[in-house]
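J.: Chains U and A are the protein sequences, given in the same order. With full-length UniProt numbering, letter number 48 in the first sequence gets 48, and the count goes up by one each step, no holes. With full-length UniProt numbering, letter number 10 in the second sequence gets 10, and the count goes up by one each step, no holes.
If you're looking for bench data, these hints aren't it; they were derived computationally from the structure. Mixed in with the good hints there might be a few duds.
Copies of the same chain are indistinguishable here, so a pair counts whether it falls within one copy or spans any two.
[Stated by the list, open to error] Using 20 Å as the maximum straight-line C-alpha spacing, the simulated DMTMM-like pairs for lysine to aspartate or glutamate come out as follows:
| id | residue 1 | residue 2 |
| --- | --- | --- |
| 1 | Lys-109 | Glu-83 |
| 2 | Lys-64 | Glu-23 |
| 3 | Lys-109 | Asp-122 |
| 4 | Lys-11 | Glu-55 |
| 5 | Lys-11 | Asp-80 |
| 6 | Lys-11 | Asp-47 |
| 7 | Lys-11 | Asp-46 |
Protein chains: 2
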Amino acid sequence: MTAIVVGYVPKAEGRAALRRAAEEARLRGARLIVVNSARGGRDFDDDDAVRADAELATVSQQLKDAGIEAEVRQLVRGMDVAEDLIAVAEENTADFIVIGLRRRSPVGKLILGSNAQRILLDAPCPVLAVKAEDVD
Amino acid sequence: MTAIVVGYVPKAEGRAALRRAAEEARLRGARLIVVNSARGGRDFDDDDAVRADAELATVSQQLKDAGIEAEVRQLVRGMDVAEDLIAVAEENTADFIVIGLRRRSPVGKLILGSNAQRILLDAPCPVLAVKAEDVD
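Required output: the full structure, derived from the provided sequences and hints.
T.: Written out as structure tokens, the structure reads:
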């Protein structure tokens with residue numbers, strides 16, 4: 001069974017990536033692997049962690065309700081987001097990875113962060129880059 | 001009918017992008033718009049142009065044979081690749097754009113060129129980035 005790996009953070013770009021990844025999983029009858037590896041990262045505080053836990057529980061339930069075979073992985077193994085996503089994609093021979101591109105507030109300009117660049121270049125599979133406003 | 005836009009150049013990364021885009025078009029019953037806008041670009045010489053013409057004719061035939069509704073556009077309107085692809089995606093409310101990431105020979109290291117970066121950030125839709133070895 002094909003697998004799609006999606007990088008999730010409880011922010012607009014993470015939700016956009018997840019929504020699109022869920023659509024793609026449904027379209028292909030693929031398994032969805034939701035990777036939340038941001039915990040412990042530099043940009044992540046305690047409030048974010050609490051929100052992430054709550055959202056991930058909701059996310060799991062929504063995917064289940066939608067009939068999508070999904071697993072949610074909370075990765076806290078000291079690797080950065082790019083390494084986590086690439087490792088999971090390799091382990092599961094993923095069809096592709098879905099990532100969200102983030103906005104630098106308050107100006108709202110999109111940026112291609114170093115993690116996004118590394119995933120795009122180093123992933124063993126194609127990468128679908130989604131912007132928050134693509135679906136929100 | 002949904003449309004998928006793919007940037008094509010007669011090189012490994014262009015063929016990889018096209019192959020993946022054709023698979024996605026078939027999966028969704030989407031229309032495929034193949035954009036070859038590299039003619040006249042800085043990295044493009046006469047030999048490339050001849051190869052591109054020959055390959056595009058073959059490409060059109062292969063897509064037709066595969067039952068994929070496709071059109072091949074040879075854009076020579078003085079815009080760069082990123083602007084061309086984004087304009088075509090906007091005009092056709094594309095579902096997503098497929099691009100190939102290129103290798104800088106002879107070292108073979110992948111790079112995220114300025115065109116790829118602009119497409120990823122400025123496209124009105126998600127962007128699927130494919131590497132040559134993803135399918136070749």
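J.: Decide, hint by hint, whether the structure agrees.
T.: We went through each hint and held it up to the structure:
1. Lys-109 / Glu-83: between (25 Å within a copy, 18 Å between copies)
2. Lys-64 / Glu-23: within (13 Å within a copy, 27 Å between copies)
3. Lys-109 / Asp-122: For Lys-109 and Asp-122, only the inter-copy Cα distance (10 Å) is at most 20 Å; the intra-copy one is 25 Å.
4. Lys-11 / Glu-55: within (10 Å within a copy, 43 Å between copies)
5. Lys-11 / Asp-80: within (18 Å within a copy, 33 Å between copies)
6. Lys-11 / Asp-47: Only inside one copy: Lys-11 and Asp-47 sit 12 Å apart there, 48 Å across copies, limit 20 Å.
7. Lys-11 / Asp-46: Result: close within a single copy only, 14 Å intra versus 48 Å inter.
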